[in-house]
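J.: Here is how the chains run, residue by residue.
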Amino acid sequence: NAGVTQTPKFRVLKTGQSMTLLCAQDMNHEYMYWYRQDPGMGLRLIHYSVGEGTTAKGEVPDGYNVSRLKKQNFLLGLESAAPSQTSVYFCASSYLHGTGVETQYFGPGTRLLVL
Amino acid sequence: QQQVKQSPQSLIVQKGGISIINCAYENTAFDYFPWYQQFPGKGPALLIAIRPDVSEKKEGRFTISFNKSAKQFSLHIMDSQPGDSATYFCAASRDTGNQFYFGTGTSLTVIP
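As they're listed, the protein sequences go chains U and E. So the first sequence is numbered by the numbering used here: it starts at 1 and just counts up by one. So the second sequence is numbered by the numbering used here: it starts at 1001 and just counts up by one.
If you are wondering where the hints come from, they were derived from the structure by calculation, not from laboratory data. C-beta: ideal position from N, C-alpha, C; glycine also. Please note that the accuracy of each hint is not assured.
[What the hints assert, rightly or not] The calculated label-pair distances, taken between Cβ atoms and stated as ranges, are:
(1) E:Leu1046 with U:Gly51: 17 to 25 angstroms
(2) E:Arg1061 with U:Leu115: 42 to 50 angstroms
(3) U:Gly16 with E:Lys1057: 47 to 55 angstroms
(4) U:Asn73 with E:Lys1057: 28 to 36 angstroms
(5) U:Lys14 with E:Asp1053: 47 to 55 angstroms
(6) U:Asn28 with E:Pro1052: 25 to 33 angstroms
(7) E:Asn1022 with U:Asn28: 50 to 58 angstroms
When you get a sec, could you build the whole thing from the sequences and use the hints?
T.: Set out below in structure tokens:
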């Protein structure tokens, strides 16, 4: 049981380049999330998904797109990377408990540097 | 607007001492309050969580105190150890919601 995995672990991009971050979970969780973590800012939600084929915007969605074609995978895309997107990106998943969600399980993070 | 406000930003405690981290929220619809622990280079991991039907929850050396009327909750780490040195995040969510709102984090250093 690998939990939540993220690919790649580290990436350097030039301004304007595109890339896709992959998140995979093997816990059959309904909910998946993408956060970015910046010093002094905590964890900020970029996009999330409440089920296969559905996505929604979080607190800081601009410049990012997501897709959830399979329940176990959640992709985060940067169409045209900017230096402001230099950050550590965390994926998380959680299960539905009653009418809401509880524990979030986080991946190990992807460190992205945009030059 | 920060939904959950966390303080202090950093904390240095002697080994064996008590570490206290505070969080405050405004949205009275929040009814689930977890604390996450994050070690350098790792993702956050759930440490302990509380629902507002109780005022305190204890798991080992970790205790959450919850004050519903003041809309505040805090994490107490008793007998702090160097291995507790990490960043701690509080968070809040609604039972009928699907988003978590995180505090800005507290970097705890426990000095031997």
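J.: The structure should be examined with respect to each hint, and the outcome stated for every one.
T.: Hints, verified against the model:
Hint check: leucine 1046 of chain E to glycine 51 of chain U, Cβ distance near 22 angstroms, so the stated range 17 to 25 angstroms holds. Checked against the hint of 42 to 50 angstroms, the pair arginine 1061 of chain E and leucine 115 of chain U passes, with Cβ atoms roughly 43 angstroms apart. Checked against the given bound of 47 to 55 angstroms, the beta carbons of glycine 16 of chain U and lysine 1057 of chain E, roughly 49 angstroms apart, stay inside it. Hint check: asparagine 73 of chain U to lysine 1057 of chain E, Cβ distance near 34 angstroms, so the stated range 28 to 36 angstroms holds.
Evaluation of the 47 to 55 angstroms hint for lysine 14 of chain U and aspartate 1053 of chain E yields a pass: the beta carbon distance comes to about 52 angstroms. Checked against the hint of 25 to 33 angstroms, the pair asparagine 28 of chain U and proline 1052 of chain E passes, with Cβ atoms roughly 29 angstroms apart. The hinted range of 50 to 58 angstroms is not satisfied by asparagine 1022 of chain E and asparagine 28 of chain U, whose Cβ atoms lie roughly 36 angstroms apart.
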